[in-house]
Amino acid sequence: MRSNNLPAILALFLAVSASLAGSDNVPAVRSTKPLLLRGATVHTVSGADLPATDVLLKDGKIAAIGVKLAVPAGGTIVEVAGKHIYPGLISAYSGMGLTEMGSVRGSVDLAETGLLNPNARAQPALNADSEHIPVSRSNGILTALSVPLTTGLVAGTSTLIRMDGWTWEDLTLRSAAALHVYWPNLSVNRDPGFPRPAAEQQKTIDENLRKIRDAFATARAYLKAKEGAGKPIDTDSRWEAMIPVLKGELPVFVHATEVKQIESAVAWAQTEKLKITLVGGLDAWRVVDLLKANDIAVIVSPVTALPLRREDPFDAPYTNPAKLHAAGVRFCIANDGASAEMGTMADRNLPYEAGKAASYGLPPTEALKAITLYAAQILGVGAELGSIEPGKRATLIVTDGDPLEIPTRVEQAYIDGARIDLSNRHIRLYEKYQKKYEQQKASKS
48 MRSNNLPAIL ALFLAVSASL AGSDNVPAVR STKPLLLRGA TVHTVSGADL PATDVLLKDG
108 KIAAIGVKLA VPAGGTIVEV AGKHIYPGLI SAYSGMGLTE MGSVRGSVDL AETGLLNPNA
168 RAQPALNADS EHIPVSRSNG ILTALSVPLT TGLVAGTSTL IRMDGWTWED LTLRSAAALH
228 VYWPNLSVNR DPGFPRPAAE QQKTIDENLR KIRDAFATAR AYLKAKEGAG KPIDTDSRWE
288 AMIPVLKGEL PVFVHATEVK QIESAVAWAQ TEKLKITLVG GLDAWRVVDL LKANDIAVIV
348 SPVTALPLRR EDPFDAPYTN PAKLHAAGVR FCIANDGASA EMGTMADRNL PYEAGKAASY
408 GLPPTEALKA ITLYAAQILG VGAELGSIEP GKRATLIVTD GDPLEIPTRV EQAYIDGARI
468 DLSNRHIRLY EKYQKKYEQQ KASKS
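Position one of the sequence shown corresponds to residue 48 (my numbering), numbered consecutively onward.
Please keep in mind that the hints were generated in silico from the structure rather than gathered at the bench.
Be a bit skeptical, because a hint or two may be false.
[As the list claims (entries may be wrong)] No more than 25 Å apart at the CA atoms, straight line, and that leaves these computed lysine-lysine pairs for DSS-like:
#  : residue 1 : residue 2
1  : Lys-115   : Lys-80
2  : Lys-258   : Lys-320
3  : Lys-108   : Lys-130
4  : Lys-294   : Lys-258
5  : Lys-130   : Lys-80
6  : Lys-115   : Lys-130
7  : Lys-322   : Lys-339
8  : Lys-439   : Lys-105
9  : Lys-307   : Lys-322
10 : Lys-271   : Lys-294
11 : Lys-479   : Lys-491
12 : Lys-320   : Lys-273
Based on the provided sequences and hints, a complete structural model is requested.
Dropping the structure here:
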């Protein structure tokens, strides 16, 4: 190694180390003292918008909503007249807390090796100090589903997190939210110049489908043997992790994009008698009748995507949510969770995914629900999150406008009633380089 390269290498090492050191944001103190947000327009999402209305937060919950509410003893009033209160936005497909810098392998913990890892859990891999967390929540995302991403087939279980806490235990809302199955690509490339013959490609497809079927068959046999009266069997963590799925206690989220994948996954679910949720679903608009007939919800991810085929309309991904809504298919909108693998902090753009859908036919009220209430319902926490209602978690944002519009700023955020620090690395860098331009301007004057 040449000695004159050492300063550059050391600088790179220090820069990477600083990036991995963790966020400077201090988690909020959980307070039991009442807090009254006074005078804002309250967008309940589940009901009508309420102008000049108060929201009372107490013990981490929404205690009351009304006009000129009385402040309980020891309570604090926050004047938010002229502002808007929305429920915190929910990212239903994310790599939050599982990756930091895509180019630094040691900061990426998104997947295990191998094709079948039902026992892999996202929860203990969560990094509570991730810089991605404050960046995303500064744009209103206060809850996220951290999903194990994989090039395999059965990836393991996701974890639903709230975006504030000292440890992964603090972050956790649901330790095991769903088992994730990545459906194989069923397309065969018949181009003469493609390096793998069509027959070989089809053989791989058939083998992958068989591996998924065999995994569930083995898990069922394992459960039957474990519950039987015969000799006790050795514990296998892979099949042990699938028992809640087979008992209907844990949902299965199937990642499938193209129409053949979706149809194949639905047929498999019918055979296995499993209740599934579709993730991705760029071709879901093509099979709305199938999805509606089987009551399969779709986590549309993403909306801002290219069409899957040259002959598709340019706006096929943009109009996908509107077509699902028109057909009565349950859905929510997420950003592309797979992009988290590259450390792109894609979650922060979640409201604009919904905004794009709204500009292509989805009613704006439905677009808002798609990243709040509908997301909460599909993730199994509709009784706790997703709307402004008494008894729900006090997880909400205060804005100066519609969160689906880019100019809107999130001015305050509360998670379980605690006010959250909305500063982040991007803001600090913006403020730093503003000083540079101020210095340059002053030197010229």
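Evaluated hints:
Taking the CA atoms of Lys-115 and Lys-80, the gap is near 19 Å; set against the 25 Å cutoff, the hint holds. Proximity of Lys-258 to Lys-320 is assessed by CA-CA distance (about 18 Å); at most 25 Å being required, the pair is judged to hold. Between Lys-108 and Lys-130 the CA atoms are separated by roughly 21 Å; this keeps the pair inside 25 Å, and the hint holds. Of the supplied pair hints, the one linking Lys-294 and Lys-258 holds, its CA atoms being roughly 21 Å apart against a limit of 25 Å.
Restraint check: the Cα-Cα separation between Lys-130 and Lys-80 comes to about 23 Å, which is no more than 25 Å; the hinted pair holds. At most 25 Å may separate the alpha-carbon atoms for a hinted pair to count; Lys-115 and Lys-130 meet this at roughly 16 Å. Distance restraint check for Lys-322 and Lys-339: the Cα-Cα separation of roughly 13 Å lies within the 25 Å cut-off, and the hinted pair is therefore satisfied. Between Lys-439 and Lys-105, the direct Cα distance comes to roughly 11 Å. Compliance with the 25 Å bound is thereby established for this hinted pair.
Of the supplied pair hints, the one linking Lys-307 and Lys-322 holds, its CA atoms being roughly 19 Å apart against a limit of 25 Å. For the suggested pair Lys-271 and Lys-294, the alpha carbons sit about 11 Å apart, so the restraint of at most 25 Å is met. Between Lys-479 and Lys-491 the alpha-carbon distance is near 19 Å, which keeps this suggested pair within the 25 Å criterion. Of the supplied pair hints, the one linking Lys-320 and Lys-273 holds, its CA atoms being roughly 21 Å apart against a limit of 25 Å.
Hint compliance for this structure: no hint is broken.
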